[in-house]
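S.K.: Dock chains V and L against the given chain G, drawing on the hints supplied.
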Amino acid sequence: MEEISSLLTEQTFAINTVWVALCAALIFFMEAGFALLEAGFIRSKNTMSIIAKVIIDITFGGIAFFIVGFGIAYGASNGWFAFDMGISSNDLGLGLTVSNKLFWFIQLGFAVAAISIVSGALAERMKLWAYAILVFVFCALLYPLVANWVWNPNGWLALRGFNDFAGSAAVHAMGGFAALAAALVLGPRLGKYNEDGSSNTIPGHNLPLAAVGAFILWFGWFGFNPGSSLGAVGNWELIGSVVVNTFLASAAGGIATMVYTYFTYKKIDITMVINGILAGLVSITAGCNVVGPGSAIVIGLIAGVLVDVAVLFFDRLKVDDPVGAVAVHGVNGLFGTVAVGFFAQEGGLLFGGGTSLLFTQIIGVLSIALFSFCLTYLIMKFLKMTVGIRVSKEEEKAGIDAVSFGVKSYTSNE
Amino acid sequence: MEEISSLLTEQTFAINTVWVALCAALIFFMEAGFALLEAGFIRSKNTMSIIAKVIIDITFGGIAFFIVGFGIAYGASNGWFAFDMGISSNDLGLGLTVSNKLFWFIQLGFAVAAISIVSGALAERMKLWAYAILVFVFCALLYPLVANWVWNPNGWLALRGFNDFAGSAAVHAMGGFAALAAALVLGPRLGKYNEDGSSNTIPGHNLPLAAVGAFILWFGWFGFNPGSSLGAVGNWELIGSVVVNTFLASAAGGIATMVYTYFTYKKIDITMVINGILAGLVSITAGCNVVGPGSAIVIGLIAGVLVDVAVLFFDRLKVDDPVGAVAVHGVNGLFGTVAVGFFAQEGGLLFGGGTSLLFTQIIGVLSIALFSFCLTYLIMKFLKMTVGIRVSKEEEKAGIDAVSFGVKSYTSNE
Amino acid sequence: MEEISSLLTEQTFAINTVWVALCAALIFFMEAGFALLEAGFIRSKNTMSIIAKVIIDITFGGIAFFIVGFGIAYGASNGWFAFDMGISSNDLGLGLTVSNKLFWFIQLGFAVAAISIVSGALAERMKLWAYAILVFVFCALLYPLVANWVWNPNGWLALRGFNDFAGSAAVHAMGGFAALAAALVLGPRLGKYNEDGSSNTIPGHNLPLAAVGAFILWFGWFGFNPGSSLGAVGNWELIGSVVVNTFLASAAGGIATMVYTYFTYKKIDITMVINGILAGLVSITAGCNVVGPGSAIVIGLIAGVLVDVAVLFFDRLKVDDPVGAVAVHGVNGLFGTVAVGFFAQEGGLLFGGGTSLLFTQIIGVLSIALFSFCLTYLIMKFLKMTVGIRVSKEEEKAGIDAVSFGVKSYTSNE
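Protein chains in written order, with numbering that gives the first Met the number 0: chain G, 0 to 413; chain V, 0 to 413; chain L, 0 to 413.
Since the hints were derived computationally from the structure, they do not count as laboratory data.
Accuracy of the hints is not assured; some may be wrong.
Subject to a maximum C-alpha distance of 27 Å in a straight line, what follows is the list of computed DSS-like cross-link-like pairs (lysine-lysine) [claimed, not checked]:
no.	chain 1	residue 1	chain 2	residue 2
1	G	K317	G	K392
2	L	K383	V	K265
3	L	K383	G	K407
4	V	K407	G	K265
5	V	K383	G	K265
6	V	K317	V	K266
7	L	K407	L	K396
8	L	K265	V	K265
9	V	K396	G	K266
10	L	K392	L	K191
11	L	K126	L	K380
12	L	K265	G	K407
Here are the computed distance ranges between Cβ atoms for each label pair [stated by the list, open to error]:
no.	chain 1	residue 1	chain 2	residue 2	range
13	G	S411	L	L316	27 to 37 Å
14	V	T8	G	F350	24 to 34 Å
15	G	G387	V	Y261	56 to 66 Å
16	G	G196	V	F381	22 to 32 Å
17	V	I362	G	G351	49 to 59 Å
18	L	L311	V	R389	29 to 39 Å
19	G	S4	L	C373	47 to 57 Å
20	G	Y264	V	I362	45 to 55 Å
21	G	T8	L	P152	45 to 55 Å
22	V	Y261	G	Y264	20 to 30 Å
23	G	T8	L	L93	42 to 52 Å
24	L	L93	V	S197	56 to 66 Å
25	L	Y192	V	G186	51 to 61 Å
For each residue, glycine too, the CB sits at the ideal point set by N, CA and C.
Isolated chain G (complex conformation) (with noise of 0.2 Å):
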């Protein structure tokens, strides 16, 4: 009988933990997402300049959360931050039937997730070892600390009971909202803004390419939201909620951008139509586990429309960012959030739950977004005085590829 017993926790642990792992490849995958999708979507000098920030998100990110910001994350917490060296062996608290270092993984598939989002505003001009400082801050301490106010069971937005199933608030807000901040400092590239206040639009050069990326994104969406179960066991209904939610937002989120960018432009915005998928995703995040598929259309549709008047939004205000990752990460990041306390069919207001939830969810992704801002831009700040942050603008007109790195992106060699 207590042979049963323990093999019949083997096999929970071993269930979960395949599932969490497969889930946190998927993760992972998406970093290939958001190297594409933003390599396409700028000029062609740049590219290889991107996707090495996005190689620099994983790699020093990936370290700084190793060392120290998981510790920061998961650690004993008072409720604002917690600190333990490496990955602790120590049980965190939060109940997991996979083991501490697995949980690292998944984890850390979240944590450069949030710093790739910025990686897209920053496009085309910022240097790049000022870029790895502001990366390996941001994995070791500022993600981090969010993460624990939402995610550890001692933090204080999980206390409030704020729900932020796969990030919502705590990785799309933190890093469109921490996007927003370092293009504010770093400025607009040259000639994106004209002297009468009139922007230039600089198309990307391989479409196609960011539709990859485009289609790695959603594909790896469908680990980053149902992984956020942490386990398989005891969560089948709840897997299944989340999977078809995260798809009909999406499909919501696309839809909504074709038919308003038609009717407003006369030409469906094809560009926009893959930001308007994302939109429908990240604003899905938050409350993929306590939304019903009406309501996950309905956030979809909401989505799709919100980014295409974000991405006007900003480039009115002169925030130049190339990829917008502003307005489909910050944007539909705390829409999503806020969401939650319309849609959630417990607690919602929409479904007869009172205001008490959405207030805690504006509270929870207001915190998120203004900590993010304020701590970002003062980073940014202090890397302008020190090392600076903009390449020079020889370099920029040249292409960062050419003079940093010294090479091509394509090269006719018949």
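M.R.: Relative to chain G, chains V and L alone:
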């Protein structure tokens, strides 16, 4: 004791949920494969338009399959059709050990795969919104009816013992013959056929991109076929057989095309080799659960030659199918379904099983192909008479990307 | 009681089948990674030819490994070789809890990975059919013999306690030293080396495409290494360790190359950074099950420098290896295998384990490298004397794509 029993049931659901959720994610990723394969095989001026069409397959097709389609396919059936709105939470009579929602998500992958086959055959000349209507009707009605016949426990083909494990008939022949009908109504691209009846080769603009797509499809097929088990508990031997058969048929298909085109044209036709691999995959999809590995190789070898012959055949008929969708999916879906009647280890003609299964397979796949062809033909005719299906000659010459989307796939902007 | 016990066994098989089937799919997808990495790093005139070579790796290699290879690797062994035709259904003595067929499929991934390493080193100048023969022999005989030594329970290296968890030696050193031998016999590309002994850089034609390949390889490695557990039940801690070590070594490898090339050349060499990441992955593949995370970082850091030095070293020797396969897989496969002898937490020299394991690791990997080098050298010499291995000078200048396939990778056909 009861506790153990209940935990065992919970674990079975968990194991099967992990399996189906991840296979479904792989199947979903095949949409990237369709998009990139098709994009690489056509001209750059229509690249984003074909990617947009696959996005429409997913988004419009997905919403249609959610609202209407799934209820028709898997609702309480009288053998020919069924209906429940949305995703029913009733027992579907399939003995599922995953949630109905998760089952919906894996079925969605089959539905959008079927319509994505069609998108390829209509490349470079079809109006986008008319295509969106076709997609909606196809995923709301046509595909679900056929899925009902084949996979609903009360479906008339299911009751007859029709063996179409992962959909050589219900997905591939279904999509391939819809593609044939649609391409016939739409007519060939401008400049494809000369007045003397000869045809011009219009080379794909980016073959490495097509290869990316092909590899993703190949990868995804290892979710598509074994995932059709709908669960791993009790199926460990089956899953092993299915993956081995799937691999062997694809390898044999590739080799057959390589050898065949080399001896026929003195040059290996590498784009046909890609199609040969896909043909091998399509043809093993019906019978991967019931044939032996040797038979899988033979089926793949035949498929790899059949696809070459079929491409030429349809070209002679002046069916302009830019990516070979009819030959790959239609002809080999038909062949693969019939092949079960010959090669099944139990019931196959060549293994002493007589002709009963063979006749069922023939009747089933012909019914599906005919149904798909006729209904799609009528819908396309109706669309042609109403909203119009073909872009203007000016747009076709200038490219759909420039006229309908206002973008260029590739921008040289050093 | 007996029923419960039998259901528990059934569940264990199911869990492990899910794990191995999906890891094997990830490993299979690495072939896309090899193909695109190699394609991006060479000239566009030979792009489809290298993709064709990887397709040959999979198709010819797969059939060879089915008919002959698997029986040699895992048949009843006398310690040096074995033989059973096809996929034996006998107990292989490995304590498998998945079907022999599924085990075959994951082993297939290792076999075709090994030969795919070779394809890169032979890029842009090798005859296709001669290459197909090499692939067949390699996957039917050479690789299986080494797999027999290392992973067959009766293999002479297995019996000595040789630790090569996922194949730094059996896959990567094996492939890398075969690549070295084959490149030596084949000779450098026309125009690679000047009469004065200096060498010309031949830049890759599409670095973003190479990056797509690298990201796919990186992703697939999270199937390659943890999947080598061959099951999850009882392995939840092991799997966590393996994924963390795999990640950390890759991150460290990337950082090391970034820093090293920056300080050596004043420019970051981004193509070398990609190779540095891969070198980190190759070098941790042997010991990811037995080293701690700190050691994984150290191993990755060394690998990231070693690959830079090795690329230059082989270039000085005028071994023309267009994608750096020998440096990445050969040198780092060798290094990673030996590193186990230093860093293993039990038995490693640096952890007080003495020199016994270290000697076993050295003897094992040298035997494999030497065997692979010599046999491949002989086969290539034999092919050179018989069917010929090198395309004509005219074909090499015009490109294999145009002459042997009659296609262009990229067609400007607005």
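S.K.: All the hints need checking, so say for each whether the structure fits it.
M.R.: Hint check:
1. K317(G) with K392(G): 19 Å, holds
2. K383(L) with K265(V): This hinted pair holds, its Cα atoms lying about 22 Å apart.
3. K383(L) with K407(G): 36 Å, violated
4. K407(V) with K265(G): 17 Å, holds
5. K383(V) with K265(G): Measuring from Cα to Cα gives roughly 22 Å; hence the hint holds.
6. K317(V) with K266(V): 24 Å, holds
7. K407(L) with K396(L): 14 Å, holds
8. K265(L) with K265(V): 50 Å, violated
9. K396(V) with K266(G): Distance of about 18 Å is within 27 Å: holds.
10. K392(L) with K191(L): 14 Å, holds
11. K126(L) with K380(L): 14 Å, holds
12. K265(L) with K407(G): Given pair K265(L), K407(G) holds - Cα atoms ~17 Å apart, limit 27 Å.
13. S411(G) with L316(L): 27 to 37 Å: 30 Å, holds
14. T8(V) with F350(G): 24 to 34 Å: 31 Å, holds
15. G387(G) with Y261(V): 56 to 66 Å: 58 Å, holds
16. G196(G) with F381(V): 22 to 32 Å: Violated, since G196(G) and F381(V) (Cβ atoms, about 50 Å apart) do not stay within the stated range.
17. I362(V) with G351(G): 49 to 59 Å: 54 Å, holds
18. L311(L) with R389(V): 29 to 39 Å: This hint is violated: roughly 58 Å between Cβ atoms.
19. S4(G) with C373(L): 47 to 57 Å: 55 Å, holds
20. Y264(G) with I362(V): 45 to 55 Å: About 51 Å separates the Cβ atoms of Y264(G) and I362(V), which means 45 to 55 Å holds.
21. T8(G) with P152(L): 45 to 55 Å: Check failed, 29 Å falls outside 45 to 55 Å.
22. Y261(V) with Y264(G): 20 to 30 Å: Hint violated: Cβ distance 50 Å, outside 20 to 30 Å.
23. T8(G) with L93(L): 42 to 52 Å: Between T8(G) and L93(L), where Cβ atoms are some 25 Å apart, the hint is violated.
24. L93(L) with S197(V): 56 to 66 Å: Hint holds: Cβ distance 59 Å, inside 56 to 66 Å.
25. Y192(L) with G186(V): 51 to 61 Å: Because 55 Å falls inside the window, the suggested range holds.
Hint violations for this structure: numbers 3, 8, 16, 18, 21, 22, 23, all remaining hints satisfied.
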